[in-house]
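Peer 1: Whenever a hint applies, use it, and build me the whole structure from the sequences.
Protein chains in written order, with our numbering: chain X, 1 to 411; chain B, 1 to 228.
Quick caveat, the hints were computed from the structure, so don't treat them as lab data. Don't be surprised by glycine CBs; every beta carbon is placed ideally from N, CA and C. Check each hint, because a few of them may be wrong.
[Stated by the list, open to error] Listed below are several chain X residues computed to face chain B (Cβ distance under 8 Å; list not exhaustive): (1) Leu6; (2) Arg7; (3) Ala8; (4) Leu10; (5) Ala67; (6) Gly314; (7) Leu318.
[What the hints assert, rightly or not] Facing chain B, a subset of chain X residues (Cβ under 10 Å, in silico): (8) Arg13; (9) Arg26; (10) Gly28; (11) Leu306; (12) Gly317; (13) Arg319; (14) Ala324; (15) Leu390; (16) Pro401.
[Said to hold, decoys possible] The calculated label-pair distances, taken between Cβ atoms and stated as ranges, are: (17) B:Thr103 x X:Phe16: 13 to 21 Å; (18) B:Gly79 x X:Ala21: 19 to 27 Å; (19) B:Asp189 x X:Ile299: 48 to 56 Å; (20) B:Ile20 x X:Gly28: 38 to 46 Å; (21) B:His203 x X:Leu32: 39 to 47 Å.
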Amino acid sequence: MAVVRLRARLRVRDLFAEALAGLFTRPGRSLLTALGAVLGIASLVATLGIAETAGAQIVTAFDELAATSVVVTNDRGFFGTSQTQAALPWDSEERISRLNGVVAAGTMADVQLGGRLTSAVPVNDPLGLTEFQMPMIAASPGLYAAARGELSTGRWFDRGHSERADRVVVLGTGAAQRLNVTRVDQQPVVFVGDASFAVLGILEDTQRQPELLNALIIPEGTAREMYDLESPTTVQIDVEVGAASLISEQAPIAVSPDDPGAVQVQAPLEPDEVRAGVEEDVNALFLILGGVSLLVGAIGIANVTLVSVLERIGEIGLRRALGAGRRHIAYQFLLESTGVGLFGGVIGASTGVLVVVTVSALRTWTPVMDPRIALAAPVLGALVGLLAGLYPALRASRMAPVDSLRAGAAG
Amino acid sequence: MTDELIRLLGVGRTFRSGDIEVRALRDADLEVRRGEYLSIVGPSGSGKSTLLNIIALLDRHTSGTYRFEGTDVTELSEGARTGLRAHRIGFVFQSFHLLAHRTVTENVIMSMLYNSVPPRERRARARAALDRVGLDHRAGFRPGRLSGGERQRVAIARAIATRPAILICDEPTGNLDSASTESVLELFDDLRSDGLTLLVVTHDDAVSARAERIVRMHDGRLSEPVAV
Ligand SMILES: Nc1ncnc2c1ncn2[C@@H]1O[C@H](COP(=O)(O)OP(=O)(O)OP(=O)(O)O)[C@@H](O)[C@H]1O
Ligand SMILES: [Mg+2]
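Peer 2: Here it is, written out as structure tokens:
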């Protein structure tokens, strides 16, 4: 019947207007209440933002290529500090490859050609237009991988080529261009002095030892037999990330057990792990601090909302008398506390972003921040406000209208 | 008008706190007809507010039957009772219960938030209600700047803006001086002549004398003297 249709209602717009009016009734208090959420959200956003920004700097500084390269040479060094010149053994590649953490290893040495010229055609050219002075490098089969080479065509030589002292050559891309060799499928030949070498492949690019790109690269066995090469001079090692310092200690012992100090090692600078660890701890500490201040903020919101419920007990009774249902009362206080949290979240997120930008500017970093953090922060604030308001809102809605009216009669 | 608006049959209300039982209302029989101006008088603690709260659906009786506009509200759900409060009942308190931070108009509009008055009509209705209580010139004021009598008239405007079936007043002049009391009583007379049903609780005989019918209360019991 008619009575059933007479339901109490509260339009969403009115609910929002009432909650907003409630907040603006005591703007100072609402601001102070939001302060806890502001601090919590700000420290969370700032911590995450600074961590991300600092992380981006480290990633920029951290060069994977450099961090995984160890080079051993038997150069005496510029000042000739080492008394003896330790000859690197021919089997350096095998010795190094056995070490844990090594991905690939290869040896190389410059070959002295004694003025021999290189040409792609067999005829002696009196004008010298097709003959060039070109560097030659003797390499082990593993150098290709260790230097992270890339062939545009053909193949690299293998152990068999070296053992048989086959007259084969891989052309660095610069050498190939000058000799006008672009394909290897018809088995082109290049001449070095009187000797002919079959072209196996063309080295298009290499990430390490870039001098290979302009050189004629032949197997070490071939260089030993034809040009009396005495020993490799350089070992290029590709190591796993994080293994560089260990390998740079072990490699000299592996190739020169009698006198490890006689070889030189070029190892990358390891990122300062201790410092990184401290930064991580500091981050965790700030996150915990942010979480704690957010919790304190939530308790603050809960507290103030509860106080305001008790203060406005007469208003609650009045609204009930005017026809507000329990849930209308609960919604209103929930919305008020959520509004405080949302406001705290927005201000906190802005403050946090400002901190990140300021810190970055002071350290001349590029501020890097996932925009989702800045967007999620107000949502988190609202959520905190919502949770904080649950208990006070429940208290408010549970009060019997008569009791609220009596208790709030002074109002 | 002999139309029944409210009917109480053997209604009682017992408060229980721990072992102590207070029978604030005993076996009350009462009929309120539409358009009637009824006053309930009695000494302090006699149960007048208890009765009024039950009639206004703010409280539930513990025994007997209560019919409001023909509907037995005894077993009605909380939601349905709230709906009735929002649409059919206007309540005026001794202590006004105006929100200090809202203007007079905003205070009047509050009674229309929880019922079916379309938002567009609220302002006009509030203005009409304020006009009715003679306070249209105070529409933008905050309650703190009004006299006691003016505040109570704002509260009455708030109660009648929803066009309730009955206006229930608990000691409406309890906080007022005699001049203010007179202005409120004149307003009641006007509302009565508009056809509004009035139920006014008071312990002031000068106030109850203005009503058509007086019901006395004593120790939670109603007694109806011969009509004046
Ligand atoms: N919630 C309650 N719990 C216990 N006793 C109550 C409660 N409410 C009212 N009473 C008791 O019921 C009796 C009637 O109270 P009520 O407020 O109805 O009196 P009243 O006639 O309105 O008095 P006054 O004129 O002073 O307003 C009183 O003895 C009071 O103590
Ligand atoms: Mg009373």
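Peer 1: All hints are to be evaluated individually against the structure, with a verdict given for each.
Peer 2: Going down the list of hints, with the structure as the test:
{"no.": "1", "hint": "Leu6", "verdict": "holds (4 Å)"}
{"no.": "2", "hint": "Arg7", "verdict": "holds (4 Å)"}
{"no.": "3", "hint": "Ala8", "verdict": "holds (4 Å)"}
{"no.": "4", "hint": "Leu10", "verdict": "holds (6 Å)"}
{"no.": "5", "hint": "Ala67", "verdict": "violated (65 Å)"}
{"no.": "6", "hint": "Gly314", "verdict": "holds (6 Å)"}
{"no.": "7", "hint": "Leu318", "verdict": "holds (4 Å)"}
{"no.": "8", "hint": "Arg13", "verdict": "holds (7 Å)"}
{"no.": "9", "hint": "Arg26", "verdict": "holds (8 Å)"}
{"no.": "10", "hint": "Gly28", "verdict": "violated (13 Å)"}
{"no.": "11", "hint": "Leu306", "verdict": "violated (20 Å)"}
{"no.": "12", "hint": "Gly317", "verdict": "holds (7 Å)"}
{"no.": "13", "hint": "Arg319", "verdict": "holds (7 Å)"}
{"no.": "14", "hint": "Ala324", "verdict": "holds (5 Å)"}
{"no.": "15", "hint": "Leu390", "verdict": "violated (21 Å)"}
{"no.": "16", "hint": "Pro401", "verdict": "holds (5 Å)"}
{"no.": "17", "hint": "B:Thr103 x X:Phe16: 13 to 21 Å", "verdict": "holds (19 Å)"}
{"no.": "18", "hint": "B:Gly79 x X:Ala21: 19 to 27 Å", "verdict": "holds (25 Å)"}
{"no.": "19", "hint": "B:Asp189 x X:Ile299: 48 to 56 Å", "verdict": "holds (55 Å)"}
{"no.": "20", "hint": "B:Ile20 x X:Gly28: 38 to 46 Å", "verdict": "holds (44 Å)"}
{"no.": "21", "hint": "B:His203 x X:Leu32: 39 to 47 Å", "verdict": "holds (45 Å)"}
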